[in-house]
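There are 2 protein chains.
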Amino acid sequence: MAKELTSRAENYSQWYNDLVLKADLAENSAVRGCMVIKPYGYAIWEKMQAILDKMFKDTGHYNAYFPLFIPKSFFSKEASHVEGFAKECAVVTHYRLKNDPNGKGVIVDSDAKLEEELIVRPTSETIIWHTYKGWIQSYRDLPILCNQWANVVRWEMRTRLFLRTAEFLWQEGHTAHATSDEAIEETRKMLDVYAEFAEKTMAMPVLKGVKTPNERFAGAIDTYCIEALMQDGKALQAGTSHFLGQNFAKAFDVTFTNKEGKSDYVWASSWGVSTRLMGALIMSHSDDNGLVLPPALAPNQVVIIPIYKKDEELALIKSKALELKEELNKLNISVKIDDRDTHKPGWKFAEYELKGVPVRIAIGPRDLENQTVEISRRDTLEKFSLPQEGLATKVKSLLDDIQQNIYNKAFNHRKENTRTADSYDEFKTILDEKGGFILAHWDGTAETEEAIKNETKATIRCIPLDQKTEIGNCIYSGKESKGRVIFARSY
Amino acid sequence: MAKELTSRAENYSQWYNDLVLKADLAENSAVRGCMVIKPYGYAIWEKMQAILDKMFKDTGHYNAYFPLFIPKSFFSKEASHVEGFAKECAVVTHYRLKNDPNGKGVIVDSDAKLEEELIVRPTSETIIWHTYKGWIQSYRDLPILCNQWANVVRWEMRTRLFLRTAEFLWQEGHTAHATSDEAIEETRKMLDVYAEFAEKTMAMPVLKGVKTPNERFAGAIDTYCIEALMQDGKALQAGTSHFLGQNFAKAFDVTFTNKEGKSDYVWASSWGVSTRLMGALIMSHSDDNGLVLPPALAPNQVVIIPIYKKDEELALIKSKALELKEELNKLNISVKIDDRDTHKPGWKFAEYELKGVPVRIAIGPRDLENQTVEISRRDTLEKFSLPQEGLATKVKSLLDDIQQNIYNKAFNHRKENTRTADSYDEFKTILDEKGGFILAHWDGTAETEEAIKNETKATIRCIPLDQKTEIGNCIYSGKESKGRVIFARSY
Chain Y
1 MAKELTSRAE NYSQWYNDLV LKADLAENSA VRGCMVIKPY GYAIWEKMQA ILDKMFKDTG
61 HYNAYFPLFI PKSFFSKEAS HVEGFAKECA VVTHYRLKND PNGKGVIVDS DAKLEEELIV
121 RPTSETIIWH TYKGWIQSYR DLPILCNQWA NVVRWEMRTR LFLRTAEFLW QEGHTAHATS
181 DEAIEETRKM LDVYAEFAEK TMAMPVLKGV KTPNERFAGA IDTYCIEALM QDGKALQAGT
241 SHFLGQNFAK AFDVTFTNKE GKSDYVWASS WGVSTRLMGA LIMSHSDDNG LVLPPALAPN
301 QVVIIPIYKK DEELALIKSK ALELKEELNK LNISVKIDDR DTHKPGWKFA EYELKGVPVR
361 IAIGPRDLEN QTVEISRRDT LEKFSLPQEG LATKVKSLLD DIQQNIYNKA FNHRKENTRT
421 ADSYDEFKTI LDEKGGFILA HWDGTAETEE AIKNETKATI RCIPLDQKTE IGNCIYSGKE
481 SKGRVIFARS Y
Chain R
1 MAKELTSRAE NYSQWYNDLV LKADLAENSA VRGCMVIKPY GYAIWEKMQA ILDKMFKDTG
61 HYNAYFPLFI PKSFFSKEAS HVEGFAKECA VVTHYRLKND PNGKGVIVDS DAKLEEELIV
121 RPTSETIIWH TYKGWIQSYR DLPILCNQWA NVVRWEMRTR LFLRTAEFLW QEGHTAHATS
181 DEAIEETRKM LDVYAEFAEK TMAMPVLKGV KTPNERFAGA IDTYCIEALM QDGKALQAGT
241 SHFLGQNFAK AFDVTFTNKE GKSDYVWASS WGVSTRLMGA LIMSHSDDNG LVLPPALAPN
301 QVVIIPIYKK DEELALIKSK ALELKEELNK LNISVKIDDR DTHKPGWKFA EYELKGVPVR
361 IAIGPRDLEN QTVEISRRDT LEKFSLPQEG LATKVKSLLD DIQQNIYNKA FNHRKENTRT
421 ADSYDEFKTI LDEKGGFILA HWDGTAETEE AIKNETKATI RCIPLDQKTE IGNCIYSGKE
481 SKGRVIFARS Y
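Chains Y and R, in that order, are what the protein sequence lines are. Residues in the first sequence are numbered from 1 upward in steps of one, following the numbering used here. Residues in the second sequence are numbered from 1 upward in steps of one, following the numbering used here.
So that you can see chain Y by itself, here it is in the shape it has in the complex (with noise of 0.2 Å):
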């Protein structure tokens, strides 16, 4: 077959890249570290979009829209900003070409320099902040709930498609608040928000926690994540949510005047997810096969495939395929008939399994006679033969049988891959032979993160909300700790 997979066992990495190209989710384009999201792809994406949009719309949120430029002097204003994001971006020197004298092409027109450099946005702190200064002056106008689905730009050094793209799409909550408490409810509102949607509707488990100072959002006060595990053992920081406090109000001297009265700066939170969930979507769930899609993000969750001979028994199998579409339709089931003749069912078959539909139904002859389908769940592989009446709440049921059956599954895989370890040479071992999370004992200095990351590459995914209090020996330094912590090597 045309379209064969490197396996997990053989290269787990080659294996991720195969399947992004084969599956015609993305592609590299003629731009360095800048992807082409297919039609395929940004089908899930879309599908992400939309229930995560009507998440943040239930929760009391809006969408704006602020420019994509922005100015280079508004990233010193945030002190740790600026150390955080300012360095590898893409800078706008200049806003026109003209015809190259010496030749065909055009080249940079030297009178058309800005006369200060634009960058193009990595994150929309500054700019928004800036513009909330116009929108602020009393405690009437807060909160403000703004969400923003954009591009952004960081200059990577080194890019794989979806999980680490020079330009990346995401959305950005930007919310101003009256106090502190408002805007860290907030932060782990939309915390929430981000848990719900990776587990319910991407069947992905996530651990909730708090991040360390080191690996802070530059500018945060505190940083809030969600954490999954891949199907090779390594962590990946699937959503963030950033208590900011008076920070950006400060750098950009957003006041405002509070019920008693008094002028305060104003209170922050911001929160984002990017198309580095598509990574996450397809290392959570996928075989060697291909995709494996959960239901709810699935473009097609069932493709329907006539067998047959005969022209005159296609006929009679597309007519009934139609009737099955047309009732599944009505159960809000998206599906596809695929009765091209180009292609034979094998590599249809093979097809769908690459590209992760969840249920397949095959109806030939002998099922018209038997009034039954023939129906392939592609999450365990399994085949079975059903009949034809009643087949549309059948198949709901077995779609959401599907979406809580790779939920488990990866929430088993989580928990065998969850470890404590209680010495420097066991976290080692276990390392390096098995991978995952593991809980350990860390004494909360950032020297010892940063050693244990310079010698195993490991890093602290989180404090976990849910830390139990347990004192113990951090197992680097051997000084005192109060609860374990979540490492693990990350994407």
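What the hints contain is simulated information worked out from the structure, not anything from laboratory work. Source: prediction; values computed, not measured. Be careful, since some hints might not be right.
Stretches of chain R that chain Y covers, calculated by requiring three or more beta carbons in the stretch to come under 8 Å of a beta carbon on chain Y [unchecked claim]:
| hint | segment |
| --- | --- |
| 1 | 50-64 |
| 2 | 96-106 |
| 3 | 142-153 |
In silico lysine-lysine, BS3-like type, Cα no more than 27 Å apart, as pairs [stated by the list, open to error]:
| hint | chain 1 | residue 1 | chain 2 | residue 2 |
| --- | --- | --- | --- | --- |
| 4 | Y | Lys-396 | R | Lys-57 |
| 5 | Y | Lys-250 | R | Lys-98 |
| 6 | R | Lys-98 | Y | Lys-77 |
| 7 | R | Lys-54 | Y | Lys-325 |
| 8 | R | Lys-57 | Y | Lys-348 |
| 9 | R | Lys-330 | Y | Lys-330 |
Ideal Cβ placement from N, Cα and C applies to all residues, glycine included.
With chain Y fixed as given, assemble chain R onto it according to the hints.
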């Protein structure tokens, strides 16, 4: 009232700017020519997007995403495209900043210069056709019916909110076909989609036509357009659909094997509408009191305002309001209840007039007694009382009526402001005294078109698709003409 607008009669251009700012649609940003689309404005744009996106999908299209950046050399590949687009654009020359050794802040790191400059896309034909080369081998790979929702940048010198901004949001469809006929059919089909959207959703009548060679998209064989007439008698190009022939396929060497086994270049169309439609919408219907929104695009179709003196009254009125809201929601009517005690009813009335909410419902103690409500429709500013019994159905037909009435009003305005001119003097008199569309004979030469434009600032908006054959003489040169074209001054 604090939010009073300049009247249209006093200064139409100022009225427009006032309205965009005061109705919270958009504002200028810290970056020259780039706007912030505020939540209320974005909510209208989102409705446009959702409806257009469905229309695209219903006609077989799907979305994808291509890079923001385009290598400079790509622009030189299609000779006329480079003239039209590569000149006024944002150029990325560097990919890193560094701390300024001489002081605070950051400067561009001269060591991080790109080998080839990147252009922030002004339109994506070049990068997309470069990509399509990898997607197309045979007629079996065709058609490709891709659309992209994206931001683009054109370095305009004079900008106006929504109408002409350096960065704007749009969709760009890029299709690939096996035959010229099919590509032309697609080009015309999408023009029809745009016209239907403009008329049915935006309640804005449009003329369908084809541009003169002078006004064609850079790289197109033919540019089709929809043209609308604003209240001040100026035309606005609201959408374009281009038949690109094989120009981009040749520039990027995209060939395919046809059914006969022969190699040929691929045929193309591209088509787009942008946030400029927001400007068109505002200028088509709004009045000196503020926005007038067609119900199909209003974020809130109905606002309910309680009128009360005592808190007990509010409680009763609010419970009635919630009841009505629920009934209206069942008919898919969006409703906002504004029971804020920080603002008086009069202030709220003016506010929702300014924001263009199609139907306002006021409920006071006497309404409770009489089981009525007071209705005010935004388009005509009429007020009348309606019984609460069966209100939802009546509001639904009222909304339909408003949608139709807004369209009719705009249609009549255009009808009254479409005139024929048979001499150049008559033409200039109409233009200066009345404006509007002028149907006049033209000799078909670029020279005449250019001369008229230079002398009067009027351009040929289009050669109407329903042009009648009528022998006459060019108003400028006196040469023979076979039909009238549409002239106007324009945005």
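Hint by hint, here is what the structure shows:
As drawn, the segment 50-64 of chain R meets chain Y at 3 residues by the rule of a beta-carbon pair under 8 Å; at three or more, the given contact holds. Requiring three or more residues with a Cβ within less than 8 Å of a Cβ of chain Y, the coverage given for the segment 96-106 of chain R holds, as 6 such residues are present. Residue count for the segment 142-153 of chain R with a Cβ under 8 Å from a Cβ of chain Y: 4. That meets the three needed, and the coverage hint holds. For a cut-off of 27 Å, the pair hint linking Lys-396(Y) to Lys-57(R) stands: about 24 Å separates their Cα positions.
Distance hint between Lys-250(Y) and Lys-98(R) is fulfilled; the C-alpha atoms sit about 23 Å from each other, no more than 27 Å. For the given pair, Lys-98(R) sits about 15 Å from Lys-77(Y) by alpha-carbon distance, which is consistent with the 27 Å threshold. A distance of roughly 20 Å separates the Cα atoms of Lys-54(R) and Lys-325(Y); the hinted pair therefore holds under the 27 Å criterion. Taking the CA atoms of Lys-57(R) and Lys-348(Y), the gap is about 24 Å. The hint holds against a cut of 27 Å.
Among the hinted pairs, Lys-330(R) with Lys-330(Y) is consistent with the structure: their alpha-carbon atoms are about 20 Å apart, no more than 27 Å.
Comparing the model with each numbered hint stated earlier shows that all of them hold.
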